[in-house]
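So the protein sequences, as listed, match chains W and B.
Counted from 1, the first sequence has number 464 at position 455 by our numbering; the numbering is strictly sequential.
Counted from 1, the second sequence has number 41 at position 40 by our numbering; the numbering is strictly sequential.
Worth flagging that the hints you see were computed from the coordinates, not collected in a lab.
Glycine included, every Cβ here is placed at the ideal spot set by N, Cα and C.
Be a bit skeptical, because a hint or two may be false.
[What the hints assert, rightly or not] Result set (DSBU-like, lysine-lysine): computed pairs, CA atoms no more than 35 Å apart in a straight line:
| id | chain 1 | residue 1 | chain 2 | residue 2 |
| --- | --- | --- | --- | --- |
| 1 | B | K235 | W | K139 |
| 2 | B | K246 | W | K945 |
| 3 | B | K63 | W | K139 |
| 4 | B | K91 | W | K139 |
| 5 | W | K139 | B | K90 |
| 6 | W | K143 | B | K264 |
| 7 | B | K91 | W | K126 |
| 8 | W | K143 | W | K491 |
| 9 | B | K91 | W | K968 |
| 10 | W | K889 | B | K63 |
| 11 | W | K945 | B | K235 |
| 12 | W | K143 | B | K235 |
| 13 | W | K139 | W | K889 |
| 14 | B | K235 | B | K246 |
| 15 | B | K90 | W | K889 |
[Claimed, not checked] Residues of chain W placed beyond 10 Å of chain B at every Cβ, according to the derived structure:
| id | residue |
| --- | --- |
| 16 | V257 |
| 17 | I302 |
| 18 | G571 |
| 19 | E623 |
| 20 | Q940 |
| 21 | D941 |
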Amino acid sequence: MSRLQMTVNGQEVDINVDDSRYLSQVLRDDLRMTGTKIGCNEAECGICTVLVDGTPVVSCVYPALKANGRRIETIEGLDQHGELHPLQQAFLDHGAVQCGICTPGVIMTAKGLLDQKSAVGETVTEADIKSALKDSYCRCTGYQSIINAILQASGQNVAPYIPATQAAGQTVGQPRPNPNSLAKITGKARFTDDYNFPGMLYARTKRAGIPHGRILSINTAAARKLAGVHAVLTHADIPGRNLHGVVVADWPVLCADKVRYVGDAVAIVAADTPEIAEAALELIEVDYQVLPIVSDVIAALRPNSTLVHETHAEGNLLKHIKVRKGDLNAGFAAADVVVDQTYRTPTTEHLFLEPECSIGVPAGYNPTKFGGNCDLLAVRGERAKHDKTTIYVGSQIPYTDRDQAAAALGVPPDRVRVVATLMGGGFGGKEDIVGQIHAALLAEACKRPVKMLYTRQESLMVHPKRHATIIRIRTGATSEGKLTAVEATLYGDGGAYASLSDKVLTRATTHATGPYDVPHVNVDCFAVFTNNVPCGAFRGFGVTQSCFAVESNMDMLAEKLGLDPVEFRRMNALDVGSVTATGQILRESAGLNECIDKVDFDMRGQNFRWTWDEGHLRYAWGLAVGYKNTGLGGGAPDKATAEVEVWLDRQKGPQAEVRISSAELGQGLPGVLAACVGEELGLPAEQVNVLLGDTDFCPDGGPTTASRQSYVSGNAARLAARAVAAKLAPLAAGFLGCDAATLEFIDGEIIAGEESVSVAEVLTLAEASATSTVAQYEYWAPKTEPLGSGGDMHFAFGFCAQAVLCEIDMRTAEVNVRQVIAAHDVGRALNPLTLEGQIEGGIVMCIGYALTEHYIQEQGEPWTNVMARYKTPSIVHAPKIISHIVEHNTADGPFGAKGVGELPSIPTSPAITNAIYRATGVRVRSLPVDQDELLKAIRTSATEVELAWGDRDPIPTIKFGGER
Amino acid sequence: MTSFCTNYHSPVSVEEAIELLRHYDGDARVVGGGTDLLVEMRRGLRRPVMAMIDATRIADCKIISRSDDCVLIGCGVTHTEIINNATIKKFGTCLAEGCGVIGGPQVRNVGTLAGNVAHALPAGDGTMGFLALAGEIEIAGVNGVRWIPARDSFAGPGRSVIDRHREILTRLRFRAAVIGEGSAFHRVMRPQGLCLPIISMAVSLRLDGASISAATISMGPVGPTPHIADAAMKSLVGDPPSAEKFSEAAEIALQNVTLRGSKYRATTEYRAQMIRTYLPLILARAAERAAASRHLAEGVAS
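Build out the structure end to end from the sequences listed, making use of the hints.
Right, dumping it as C-alpha cells:
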C-alpha cells in the first residue's frame, strides 16, 4: 500500500492504495466515482479517458500512483453549480449521446482538446477533432454529431444536423434530446457495473476453452477451499432447467455432458473479490475427451460429419428455410441477361462498448445485515425492495430473461424480477442469456448480491455474433431491364447453439431478392450448427448479409445491360401494389422510389462524375438500396402492453409516467414513448417520465428486436395514454358541459370548441372523485402470416437508398468513405434528432462491415480474442453524411411511423463495393475489403477479389438448393 | 489479471532508480508510460513483478534540450511532447513524424520514446524515426553508465540488450540536422484489427552541393529487429537525388531483406510493394527538406 495524494475535480484526495492499482479502479471502486466507464481494459476503446494535469489519458492502464500529486478531471466535475459545460450542452443539443457508455470518455477527450486549443488561442478544426478523438470509440453515433457538438462547444456556430420532416405535432416530430441523455453527459447515468450493493460478491465463469469435447469429470474441491470463495456451482447445482435459449432451449446454463464451443460455461464462482474468483477458476479441474471440431458449414452437412447436437433431429442442419414464388425456369427463360455470383460475409461482433454485466440479488436481501444501505432506496423508493430474486441487467428482453432465470432456479416466473439498467449498446447482442442466470444462481446460493461482469475478452468469446454466410445468387433480367428471376442459396453459420439463427436467417432468405418486384424466386437457406461461437441477432438481422449479395449482382446486371444502375433499380423497385418475394402485396408505405430519387438528385448535383482522379487518389460513387421488415412477422404474435398514469404534482403540474418493459439501447426509445404519450395527453414530453424494463412495475413490451419498438411499444404507449385520456374526458366534459367525444388535449388544456379546462384542473377533479388515472393497453400489431403461406409476412417495411463516395488510394488500395447521401423511408419521424442518430450510426456501423470488421475463428478458436484485434470504425473513418427523411406514413403505426433501427446499416456495404468496382474494375466478393488483395487485383488487372481480410480459403463452390 | 506489481516506486534520481534495481536484484521492471507493458500484463502475456520502477519522475527526465550539435531527450519525455517540440520538429523531423502516429492521443500523452526504444519491437514508429537519425541511448545500471547506438540495442522481437530488470534507459540523443539535411517518415497500416504497421520507414539524408553525401534508412517489420538498410543507404551516396535513384535504393533495400508475410497483417508482396512505393517518396521528401533548409539558410544569410 502507498499513499496517493491527488486532486479529483478540485477536491483533495488522500488515500492509501494498493501499489498495483490502476487509476480507473481508484476512481470507480475506491472513490465510487462511476462516471468514468470501462470498456476494454486494454487501452483500446478510450471510454475510460480522464484528464491528468489537463492531458487525456486512458485510466484503465494508468497506474494510480502515477497520478500522485496530479490534478485529475473526470466527467463528474464538468458541470459547475448546476450549469452544464459547453461540451455537455452541445452533446445534448446535437444528439451526440446515444447509449452513453462512451460519452464520458469522449467528452473528456474533447475537453482536453478544447482546453489546449483555447490556451494557445487557436480555433478548433474538424481535423483537430479527428486527430484528438482517433482512439475514442463510439459504436452508436457515427461521429458526425460528436464532431458538430465539439465544434459548437468550441464557440463556433454549428447547428444540430436535423433533416427536414413533415410538420410536427405537439410532441411527435419534435427534435428533442433523449430524456436520459442529461444523466449520461454528467456521469450520473448508471450502467449495471455502476451498481454496488452492501455485501456484494464478484463472480467469474469457468469456460470450456476448447471448441468441442465430452466432459469426463469436473472437480471443484480445490476452488471451494480457496479463502474468499463463497460458492462454486456446476450443472449439478442447478435446481431447475439446465437449458436456456431465446427461440429453442438448447443451451446449457452450465454444461453437464459436453461443451460445444470455447465460451461454454462449465462452472461459476462467487468470491469476495474478482481476483479471488479469477484465481478460483484456475483451481477447477475439468477433464475432457476432445471431440472433432465442426467449423465448416458445408462439411457440417455431409453425412459423415461429427454432430454438434447428437439429439437434433436433422443433425447439424439447424433449419432449412425456403422461399418459392412463381416458376423459376420460366423466369430465367425470359431473362436476356443473367448474373450468377457467389459471395461471402464475415462473422462480426457487436462490440457494444459496455461488456455484459448482471447483478443477482437474493430474495429477502437486507442490506443492513451487511452494514450498509442500498443506495437505490433513495432513487427508487419501494421499487428498491428485494422481496424476490432480482436481476439487474442491461438486457434487450427483460421478460424472457426473467422466465429463463426462473426456469433455471426452478421457481415460477413471478418469483424472479428483472430490473433493466441502462445498456451501453446492444445492437442485437444483448438478446440472449449471458450472465443473468448465473448471477441469480450464485446470489441465491450465497444469499448475497453477486455481480457477474464480463471482461471484454470474455465478451468477445461468449455472446452470439452476426452470422457468417456464403451466398450464391443468380439474377436474371430482360434486355429492357426488368428483373425476371432470382435464385439463391445461402449457408449461414449458426455456431454452437440455436440462439436466433432460425429467425435471422429466415430474414436473410426472405429479403434475398432485395426490395424489387421479382416474379420468379427460389431461395434456399441452410442454417448450420458448428463449434464456432453461436450467432444470433445483430442489427440488420440477416438482411445485411443478403443485401451485400443482392446489390452487388444488381450493379453487375446494370453494367451488362448497359443501364444506369440507379435507373435499373428504379425500374424494379418495390412500390405500393408490388408483390414481395414471399407473396405479400404491399398496400401502403413503400417509399423506395422517393428514397432513390432524393439520393440520385443529390449525388448528381453539380459536375457529377461517377469516378475521377486526384493525384494518386481515385474517387467513385456507388449506390445500393435496402429494405427491412418492422416487427417479428411470420405469424409470430407481436404485441406490447404499456401502462400510463397521470397525476398532479403540486410543484411541477401534471405529470405522466409510461411503463413498459421494452429496452433502451441508446436508440432513443424513452423519447419516442414520451412523445407518443405527450401527444395524446397534450402534455410536453418533459412531463412524461418513462420507466422501462422493470418486470415488477412494467408490463411486457416484448423483445427489443426487429426494429419493432417505435411501432409496437409506441402504439401501446399511445393507446394507453388515450385510455387515460378517456378516463379524464368525462370529468372534463362534465366541467365544460359538453360531449366527452369532442374533446381535444392540447398544450395542457382539454378543449371543446371555445371552452377549455386545464389538465391540472381535471386531475384535481379526478383526485377528488377518486377516479383512476392509470390505464394499461395491450396492443397487438397487425396479424402476420407464416413464410410459405403467401400472406402478409410483415406488417410494415422500411426502405432506403444510400450513395457513397469512396476514395481509393491507388498506391495502397486503402479505401475510405468520404461522403454518404442517404434517404430512409421511416413512415413518420417521431423524433428527428434521435432518428438522425440512428441513421448516422447505422451507416457507420455498416462501413465497418464493409471495411474493418471480421471476427476471425480458426477451427473454433477465436483469433479475435482481444479488442485490439477487432476494429470498428473510429472517428477518422466517419464520412460526411447527408440524410433525407422520407415519410410514407403507415396506417397502423403510431402517427404513421414504422421501424428504423436496423435499416441504415443494411445497404452501405454493397454501396461501397459498388464504388470500388467503379473505381478499380475490381468486384469485391467477400467482406471486409482487404487492401492487400485489392491492390494485387488492381496491379494485375484482375476483375475480382475473392478473399476478404481474415479469409484463408477461397469461397467454396455451392450448388443451388444445396448438396442434399 | 489486474495485478502488475507489489511495490510501485517513483524514484526522483537515476541513483535512486539504480539503487532500487540493485535492491530488487532482477525482480523489478523499469516502466515509462507503461502503455505497452501494462496492456501486456493485463492480457496475461507478462507476469507481475515485485517492483515497478517508474522512470518518469526522475529529475530532468522531461527535458528536451539542444546543446552543441546534439538533441537530448529525457526518458520521461512522451510522444506528445516530442510531436509538439519545435526543436525536434526542426532538427529531427522524422522522429516527430514517427511519434505522431503511435497509438492514439491518450497513449501518446503517456507513452515515452525511451519506452518505445526499450520495448524493441521490430517496427516501433518512434524507434524507426529515431534510428534514421542515428540516435544513441544512455543506459544506466549497477555497473555504470554507457552510451550505445540505438541500432545496436535490439536483441530480438521485444528483446533489448538493455536488461530492463536491472538497467534503465535514461536519455536519448541524436545529432541535430544541419543545413543541407532533411528527414521523413511514413507508415502503412490497415484499418482492421491489428495495431501493428504493415511497414514503417524513416529516412534522413544530407546534400552536399547537388549530391547526396549521407543517408540513413530504417524500416520494420522486415525481420526480428528494426532494420537499417545499409546497402540502400550506400547506394545513394555520391549521386544527386532523383526518382530513379530512390527507386533503385528501394530495390536494393528489398534485395537485402527477407520479407515475410504475417498472418492477417500483410503478404510479402504487399510489404514489398509498399517499400517500393513509399521509400522513394520519403527519400524525395527528405531531399526536399534538405534542400529547403539550405534555401532557408541562404535566405537568412542574405
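Going down the list of hints, with the structure as the test:
1. B:K235 / W:K139: Cα-Cα ~40 Å, so violated.
2. B:K246 / W:K945: holds, 25 Å
3. B:K63 / W:K139: holds, 27 Å
4. B:K91 / W:K139: holds, 25 Å
5. W:K139 / B:K90: With Cα atoms ~21 Å apart, W:K139 and B:K90 stay inside 35 Å; holds.
6. W:K143 / B:K264: holds, 25 Å
7. B:K91 / W:K126: Holds, because 22 Å separates the two Cα atoms, which is no more than 35 Å.
8. W:K143 / W:K491: Measuring from Cα to Cα gives roughly 46 Å; hence the hint is violated.
9. B:K91 / W:K968: Status violated; Cα separation ~63 Å.
10. W:K889 / B:K63: violated, 40 Å
11. W:K945 / B:K235: Distance of about 31 Å is within 35 Å: holds.
12. W:K143 / B:K235: violated, 38 Å
13. W:K139 / W:K889: holds, 13 Å
14. B:K235 / B:K246: holds, 12 Å
15. B:K90 / W:K889: The hint holds at about 32 Å.
16. V257: Label holds. Min Cβ-Cβ 32 Å, cutoff 10 Å.
17. I302: holds, 19 Å
18. G571: holds, 35 Å
19. E623: Given a closest Cβ separation of 17 Å, the condition holds.
20. Q940: The claim breaks: W:Q940 does not keep its Cβ more than 10 Å from every Cβ of chain B (closest is about 6 Å).
21. D941: Since the minimum Cβ distance to chain B is about 4 Å, W:D941 lies within 10 Å and the statement is violated.
The structure shown violates the earlier hints numbered 1, 8, 9, 10, 12, 20 and 21.
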